[in-house]
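Enquirer: Chain residues, written in single-letter form:
2 protein chains.
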Amino acid sequence: TDEKKYGYANRGMTLEEDINETNAYYLAHRIAVIHKKPTPVQIVQVDYPHRSAAVIKEAYFKTPSTTDYNGVYKGRYIDFEAKETRNETSFPLKNIHEHQIRHIRDVIDCGGISFLIIRFAKSEEIFLLEGKYLLQFWDRMKAGGRKSIKKEEIAAFGHRIPLGIRPRIDYIRIIDSIYRDILCP
Amino acid sequence: TDEKKYGYANRGMTLEEDINETNAYYLAHRIAVIHKKPTPVQIVQVDYPHRSAAVIKEAYFKTPSTTDYNGVYKGRYIDFEAKETRNETSFPLKNIHEHQIRHIRDVIDCGGISFLIIRFAKSEEIFLLEGKYLLQFWDRMKAGGRKSIKKEEIAAFGHRIPLGIRPRIDYIRIIDSIYRDILCP
Ligand SMILES: [Mg+2]
Ligand SMILES: [Mg+2]
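Residue numbers (the numbering used here), protein chains in the order written: chain P, 1 to 185; chain E, 1001 to 1185.
Calculated from the structure, these hints are not laboratory results.
Note that the structure is a prediction, hence the values are computed from the model and not measured.
Check before you lean on any hint, since a few could be wrong.
[Unchecked claim] DSS-like, lysine-lysine: derived pairs with alpha carbons at most 25 Å apart:
no.	chain 1	residue 1	chain 2	residue 2
1	P	K94	P	K57
2	E	K1062	P	K36
3	E	K1037	P	K62
4	P	K132	E	K1074
5	P	K57	E	K1062
[Said to hold, decoys possible] Stretches of chain E that chain P covers, calculated by requiring three or more beta carbons in the stretch to come under 8 Å of a beta carbon on chain P:
no.	region
6	1048-1056
7	1069-1075
8	1101-1110
9	1131-1145
By construction, the Cβ of each residue, glycine as well, lies at the ideal position given by its N, Cα and C atoms.
Given these sequences and hints, build the entire structure.
Expert: Pasting the structure below:
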């Protein structure tokens, strides 16, 4: 239904908007430069009307091959995906694409800081879960285990991010505490 | 003319393709994870046909607010723009957008590694120029100076990248030599 569709869209926007606002705060205060990547689109047909802007007339959404956000904090590469779920007790791993997992592995292998920001929409709880733990839960699924991460597991292995005013979702504070030793001065 | 248009497109593709191939090499060899960002598009109208993929029916190209490529090498954030010119003696600064300059400043402020890869199409010479020098030439222009960077200046302040086979444009080798001291182990 349309209601369902809009529900989804709104939920998606909310976390994304909060994170975009947070990133704008970090940028304005010279704390970090983190941007959302543009939605990847396969362009099929473009019209070039006389004296006006080119119009894309046919294009398709492509499955993203990386994560949504990346950038720099204290010299280090930061890379994350933001996901919301209406599930109240666990985070279903079907929310993550196989090639995003591949990308997260690549980033970690090259010394990047990788994580997931997960919001439980109903309870409005937000967690940061490091990429290395996501990979462990993914591998558990691949080995025949559960297809989701329990909320208690996320709370145990991850870090709760309190919702703030400015910035709204202060994930850099968490990164600062976890990675204190490797951040460049 | 169409010839001119295709000429442009090809030239654009060539450097981009060479860099994409280079990045694929780095990724396959676990050297670095660098991706080209998707072209930013403003989506206006989307059709959802029954039982088939959503079709974007109206969209426009947006001016990019950041650079084309970013990623991670030895834990550090890497950020660059790739540009070609048919000019034989200098690189016109009109090839760079004001907000890309803003972005380059932001990245440098946060400890990221920022640079430009410039190809002189006629002579097929390729240079890496660090962001900090680009900013100096930009500021010179803003102060009323020349609106381009002379090729000799690029050769003097930058680093020539020899065209190779695998990888084609080995810019990481240059980064390795310039930033040896700050790269994470
Ligand atoms: Mg996403
Ligand atoms: Mg470009």
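Enquirer: If a hint holds in the structure, say so; if it does not, say that too.
Expert: The hints, checked one at a time:
1. P/K94 x P/K57: violated, 32 Å
2. E/K1062 x P/K36: holds, 14 Å
3. E/K1037 x P/K62: Judged against 25 Å, a Cα distance of about 13 Å means the pair holds.
4. P/K132 x E/K1074: holds, 17 Å
5. P/K57 x E/K1062: Given that 25 Å is the threshold and the Cα spacing comes to 15 Å, the pair holds.
6. 1048-1056: holds (count 4)
7. 1069-1075: Our answer is that it holds, as 6 residues pass the Cβ test (under 8 Å) against chain P, meeting three.
8. 1101-1110: holds (count 5)
9. 1131-1145: violated (count 0)
The structure fails hints 1, 9 (numbered hints given earlier, in ascending order).
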